[in-house]
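Undergrad: My numbering applies: residue 19 is where the sequence shown begins, and numbers increase by one.
If you're looking for bench data, these hints aren't it; they were derived computationally from the structure. It is possible that some hints are incorrect.
[As the list claims (entries may be wrong)] Here are the simulated BS3-like cross-link-like pairs (lysine-lysine), alpha carbons at most 30 Å apart as the crow flies:
id, residue 1, residue 2
1, K49, K113
2, K80, K40
3, K113, K40
4, K80, K113
Keep in mind the model is a prediction, meaning the values are calculated, not measured.
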Amino acid sequence: MYSTSLFALVFELIANIYLDLKYDLYGYFDKGPDWRTLPTLILIFPAVNLLFLNFYPFTRSKTIQLIYILICSIIGVVFEWIYIQTDFFYHNEWKLRYSLVSYPFIFYILTLNIRYIRKMINNK
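With these hints in hand, go ahead and build the complete structure from the sequences.
TA: Printed below as a string of structure tokens:
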């Protein structure tokens with residue numbers, strides 16, 4: 019799980035560099051780089067990755083897997099809304115509906131990553 023957590027962290031940092039710092043669509047706490055953001059990113063995104071992948075129904079049908087991804091995406095949007103209400107997170111041009119569309123793709127990419135890692139480990 020270390021490699022998938024590292025992947026999730028790097029994936030999130032790359033997204034934030036562009037969407038937060040370059041395009042200023044959203045951000046954490048205050049505009050621009052902020053030391054308070056670093057522990058947040060290091061703690062939250064690997065933890066979400068571990069929870070998501072730990073309970074992911076790899077052996078179930080594609081329909082169940084899709085439902086799981088959609089439920090996790092909705093939960094993610096709810097948490098994002100809560101973070102916005104508490105000034106932990108802010109939106110400029112970004113909308114919650116963008117997150118609702120983005121999260122399923124992000125979660126799916128995480129599943130592709132762990133499948134790739136497992137395949138590499140099994141092919142040793």
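Undergrad: Run every hint past the structure and note whether it holds.
TA: Hint check:
no., hint, in the structure
1, K49 <-> K113, "17 Å, holds"
2, K80 <-> K40, "36 Å, violated"
3, K113 <-> K40, "17 Å, holds"
4, K80 <-> K113, "29 Å, holds"
Of the numbered hints stated above, the single one contradicted by the structure is hint 2.
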